[in-house]
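**Q** Below, each chain spelled out in residue letters.
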Amino acid sequence: MATRKKVLLKVIILGDSSVGKTSLMNQYVNKKFTNQYKATIGADFLTKEVMVDDRIVTMQIWDTAGQERFQSLGVAFYRGADCCVLVFDVTSPGSFKSLDGWRDEFLIQASPSDPDHFPFVVLGNKVDLENRAVSSKRAQQWCQNKNGLPYFETSAKEAINVEQAFKTIARNALAQESDVELYNEFPDQIKLSGGSTENRSSGGDNCAC
Amino acid sequence: MISSEEYSENMEEAQETDISILVSDVNNIAIEESEVNKSISENKPLPSSSEQSNSYENLFDQLKGHNKHIFVLSTAGKPIYTRFGNENQLASLFGLMLALMSVTQDSNDTLQSICCGRTRIVFVNKDPIILVGVSQRSEPYDQIKKQLIYVYNNIISTLTLTQLKKIFLNRTNFDLRRLMSGSERLIDKLITFTENDPGFLLDSISCLQMPSNSRDKITQTILTECSKIKNLVFGLLIAQKHIISIVRMKKYSLQVSDIHLILNLINSTESFKTAESWTPICLPTFDSSGYMHAHISYLAEDCQACLVLLTIDHDLFFTLSEAKRKITEKMRRNDCLQAINDAIIRQPLSLARANILGLRHLLYKIKNRSQHWCPPFTLPYNTDTLQQNLMSVYCSLISQMNFPGRNLKVIYQQLTSETIVAWATDEVELYMCFEPMVSKECATNAVTKLTQWMKKEEDSLFIFNIPMF
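Sequence lines, in order, name chains A and Y.
Each residue of the first sequence is one higher than the one before, starting from 1114 at the first, in this note's numbering.
Each residue of the second sequence is one higher than the one before, starting from 83 at the first, in this note's numbering.
In case anyone wonders, no lab produced these hints; they're calculated from the structure.
Just so we're clear, the structure is a prediction, and the values are computed from it rather than from any experiment.
In this text, a Cβ means the ideal position worked out from N, Cα and C, and glycines have one as well.
There may be inaccurate statements among the hints.
Stated by the list, open to error - Over 12 Å on every C-beta distance to chain A, these chain Y residues come out as not near it, computed from the model:
hint	residue
1	N207
2	T242
3	N255
4	T356
5	S371
6	S403
7	R415
8	Q496
Unchecked claim - DSS-like mimics (lysine-lysine), calculated; alpha carbons at most 27 Å apart, straight line:
hint	chain 1	residue 1	chain 2	residue 2
9	Y	K248	Y	K228
10	Y	K248	A	K1304
11	A	K1304	Y	K310
12	Y	K332	A	K1304
13	A	K1304	Y	K150
14	Y	K299	Y	K271
15	A	K1119	Y	K150
Please take these sequences and the hints and turn them into a complete structure.
**A** As structure tokens, then:
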């Protein structure tokens, strides 16, 4: 086995604008919350080290812009994600309805090898507010229909469930990451094709010895 | 466009995407694109969120202490290598690099370089990996790009291109560090080599100076043994940074960049000195699809020259081990070991012997052999810093001389602390460093005189006989 000490997980956070993606991330990484709203431009990146089942894992968190005008990040942005976090605002039915779109968008852009079992985690944020509009049951139902995605109700403001949610995110991503067979078999032997080496060299006038 | 850059006239700025970047802290990065209309961003820097960025600031202070960085990441944005600092802690920065590549790709464009102030950032996309160089050393774009290609080649040399592609084809999220552990050190050393060695600038190798009849005898000894072995492709004898001898299979030749990788491997691996080794190595320019197998050993306790025998056959260890034993025995009998030791100990040929007024230092390259001679540094270049400055001067001069499409023959430049001359003929490239205030006429005479002198010395400075079997 190769060294198991270094693990880095790419986690992408998606959801409508102002559902609290950046706030969740800040609460998780920096233990901070601010009521001020500041639109994410393009993308933000945060890094956090966590222990998951005796392994030190580095979470590379890719926070994205919810606002459409800041969104064109390109296909490459989503490539190779280990986990995708879908966030909605429990006081905003519209943001909940958008989850399907975000999920599809991710699957199309990232095109993971096994889309049916790709680890998504769903977060219903802002449970500290009183004007709740999306019930727990409705959200859980949606997750159930998508192959039983883990669902957490969170408050970035009150730091409710944030730690637990990200722990699950890390664990599920790790499960995805670690089942790698190692590629230690040698590639095929080089064939000496006789005389074709003149074309083999790429360096133009760079002469050979 | 980039204006005041020292080397800007040499660069094809037009082909670079011109993006200036405003960084308040790593969490709040706004990208302002001036010319290209594909904005992912608004043109206002965000207020920095004070406390949370403290740890990042420390991290970036560390990085700022160095004026040259190389980063390697996967096309998923996962870190693979950083020259300085810990790549885990820099994970956010790697994400940003990928984001920059990604937005430009999305508009069917390729991000090649970013200039901001004295800092030049160069991107090379070798899907499935991306290499990024950040330099504040006023290096030409081509130079940084070439360094990145060297680092890329080093990664290929440990994995092969076939395997690299296969790994990422199946899983784009693969953490390549798992297969790279141990080779980071080789990359560190290789980058240092690209910064200090004239061979990198000139695309050439340096030969161990020795009488040509001794060299021929050594080469013949190696050739005799090697020619008997099926599937043996190359044999090299190396003394530190210098090549003593090369033999090769008919129709196959070794490219300079591959030799540089071999030299780097040998000079970075102490354990080769104590045990004969058998190691797979992919030579990317020769064939990036598979491994060559290298038998690596120093000739004897009392002769520290390293013999490298390269074959395509992974079962050939014992055959090559036996061949090496015979080569050493024979060399001992016909005094070749002694000749090598003498050559290693001997004071290298000094430029002072040419007795040319005002000439301080030079690089002399034989073009069709891809070999160069770099005389020892003497006053006033007696410290590392001064030597590095001189190398930067050469780097710029070489870059100007070889700029695609220009076809220059002579460059004469008076700088503040030296006068430099580049001189090219069909056979030779000369890069000379004179005292300041040396006239053109004086420099021209020096070239003539030097050329005559070199005719007498070149037999011992270069390898003219690379036989085939």
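**Q** Among all the numbered hints in the text so far, which are the ones the structure does not match?
**A** 1, 2, 3, 5, 13, 14
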